[in-house]
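Asker: With chain R's structure known, arrange chain F on it following the hints.
Here is how the chains run, residue by residue.
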Amino acid sequence: MNKNFEIEVVDLVKKYKELVAVDHLNLSVYENEIFGLLGPNGSGKSTLINCILALLRYDQGKVYIFGEEMTATSFKIKQKIGYVPQDIAVYEELTVQENIDYFCGLYIFDKHQRKQHVDEAIDFTGLDKFRKFVPSKLSGGLLRRLNLACGIAHKPKLIFLDEPTVAVDPQSRNRILEGIEDLRKQGSTIVYTTHYMEEVEMLCDRLVILDQGQVLVTGSSEEIISNSSLAQSIDVVIFDLTDSVLNILEQEPEISHLTYQDAKLSFKTNSNRYTLLDLLNLLEEHNLKPVSVSSEKPTLNDVFLEITGKELKDNV
Amino acid sequence: MFSHLIRYYSQVYFKNKSNIIWTFLFPFAYITIIFFALSGLMEPEASLQEEPIKIAIISADSQEESDLIDYLDYFSANAILEDGELQIIEKNNSVDKEIYLIYHQTDEAKAREMIKNKQINAIVEAKNPITIKDSQGLGDVKMGILTQFLDGYETNRKLTISLEHQYEAKYSNVDVLDYFSQEELASKTFEEISTEMEAKIDAEISDEILAVIESQTDVFEEQADSDSTNPALIYFFAAIGYLAFYPISAGSYTVEHIIANQSERGKRNSVSGVTKTKMFFASFLPLFIIQAFFSWLIYHYVGLLGVSLGHRQVQIVSLMILGNLAALLTGSALATLLPFQKNLRTALGIGIPLFFGFTSGMMIHHIAILISDNFPILHKINPVGIVSRGLYVLYSDSNLVRFFDAIKFLGIYILVFLVITLYGLRKNSYERL
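Here the protein sequences come in this chain order: R and F. Each residue of the first sequence is one higher than the last, beginning at 1 in our numbering. Each residue of the second sequence is one higher than the last, beginning at 317 in our numbering.
Quick caveat, the hints were computed from the structure, so don't treat them as lab data. It should be emphasised that the depicted structure is a prediction, and the values quoted were computed from it without experimental measurement. Don't take each hint at face value.
With a straight-line Cα cutoff of 25 Å, these simulated SDA-like cross-link-like pairs (lysine to any residue) come out [claimed, not checked]:
(1) 111/R with 399/F
(2) 594/F with 613/F
(3) 594/F with 93/R
(4) 155/R with 243/R
(5) 76/R with 741/F
(6) 80/R with 588/F
(7) 434/F with 399/F
(8) 62/R with 712/F
(9) 331/F with 696/F
Residues of chain R clear of chain F, computed beta-carbon distances all greater than 10 Å [claimed, not checked]:
(10) 53
(11) 69
(12) 76
(13) 78
(14) 79
(15) 212
(16) 244
(17) 252
(18) 259
(19) 273
(20) 274
(21) 289
Built from N, CA and C at the ideal position, the CB exists for glycine as well.
So that you can see chain R by itself, here it is in the shape it has in the complex (with noise of 0.2 Å):
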């Protein structure tokens, strides 16, 4: 167990009878990041968090919070936690300053020092204007920010987030992508899992994708994309192109789907292994000036789809 890790999963095994939901799991979690949790419906990421979370128990394993090995009695543990569940989870009877300070009352018994963080909640989530609504009053906008806000409001030290943008209208979408980065910058650590992947790419340090319980592949997105398979193309219009250029970009193992015509060169390479400006510099070696060049990257959605099979999206 690494003391420098808030979330520590070791060999974890969770079984559904037959049915392996997490299959011998090893992933950390570092203090202050923004670690995202993506996989295909079924993959076994929420099984994953209710078993960090202890609310379910494993069959082999071990899982390690701030240091300490967490279990369902770990109540020191759990206070410095936030969970933001998928479904809305308030009391319908309350008012969103009610049911804010409700959850809140949960971890801070100070009367004073919570209001203070029903406030701030508050404003963060932008619900100022909502205070004495009930929750059937609030749009499905409204009501995901008073979900975030009734698991951030104790200012938690480590936050799980399970899709809290899913069925969000772009303006509550982009508040909360905000105040997710807002939290990180006040010191939280942050589990996010969803579904979509500019998402993950703009908020996430590090990510995992799951798969049929099993990680495939973790690492930044930008290491995640740079470590696959997948090529990048890579197009370029140039007049006069010599058959001695075109012989040598055909004997370039990394270079394939090689194609020139009407002035076009188009090729694929591996993005990592035959880059842009290899191709620039074989160009000036031989005097040739291109006219256009474009690329394109492949994307962590490519990625996604490379390595699980599945298109995320279609699967929400």
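Answerer: For chain F alone, kept in the frame of chain R given last:
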């Protein structure tokens, strides 16, 4: 912390419209409907004064007939058949007393002809035990009342016989030397000795006789209870017992919102550092207090309707409150035992009180006797039955022996379901969510 939880759980409960309906409005609506439905039964005197029960008394034993008529004369009148109808010829010794029953002494053949001609409602044979040989057009209510009158006679007779035995036994072993010295015997006349000894024996045995009366009354009332109790009382007490025991779903709610495998709120609450036991009691306590307060209100409301449950307000309300406690804990135990079957729990929350109400005679009063005879354990543990029997004994008994029996059984029930609930709450993580 605890006050924070109580404050919000109370608010959640009070602000829920369905709780307002089921906790606050339903009991009053229910008891009002029951009252009007049973109003004929609750005030049998009124209907009886308008139309007394008419019976023919046929004799199998002249002494029995004489004793029965002596007893009936307190609330009935002798009548003769004149112009095809019974006409009162002699009112009882107090003209101010109301007449609930008219009797006519005759032979069996004549009585059968009268019942055929609808001149009487029943034929009663004066023998030991007293028997209703035939009846017509009485209906359940009047039949119940007639049976109760006759049971009263039986109880009276058994008590008298028992006392006579006790009293005679006491006198049969009397030794005059136990009460007087030789000198006193020599100085007093026979009449003086007789009178003084009788007074001394009377004083000595009076306490014992009182105890005999109490014990015999209990025995006879038990018998009367199992044979035929006024159905109106059984219906009404069972209805109140049902009301005391109906908030099972409210009990389920106290657990649902704090357990991770029952709701998203439960999941969120479970992730916090507050123990579930603390949350449960914080959720349970305001609910219990509200229910207890409403039991007290129901007691007074029933009084306002003109139905007297007896003068033992503290015991009656305590019994109803214990019924509430049993219901709430049944609900909470169900929620821990059946975490994933919310629909089943809802069905049980409605069905269990109805089932217990039915088996304690809420709809058909004879069911209580059938259950008692054939399923004695169910009869003993039925909380609606315990409450309704408790109310009945508070109404009818001079002592609290049977009331404390009811409290004892209810206490055991409450303890069992509290243990189940707390055991279920101890589980902190789950196989599935």
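Asker: Mind listing which of the numbered hints don't hold for this structure, in increasing order?
Answerer: Violated hints (numbers, rising): 1, 2, 4, 8, 9, 10, 12, 13 and 14; every other hint is consistent with the structure.
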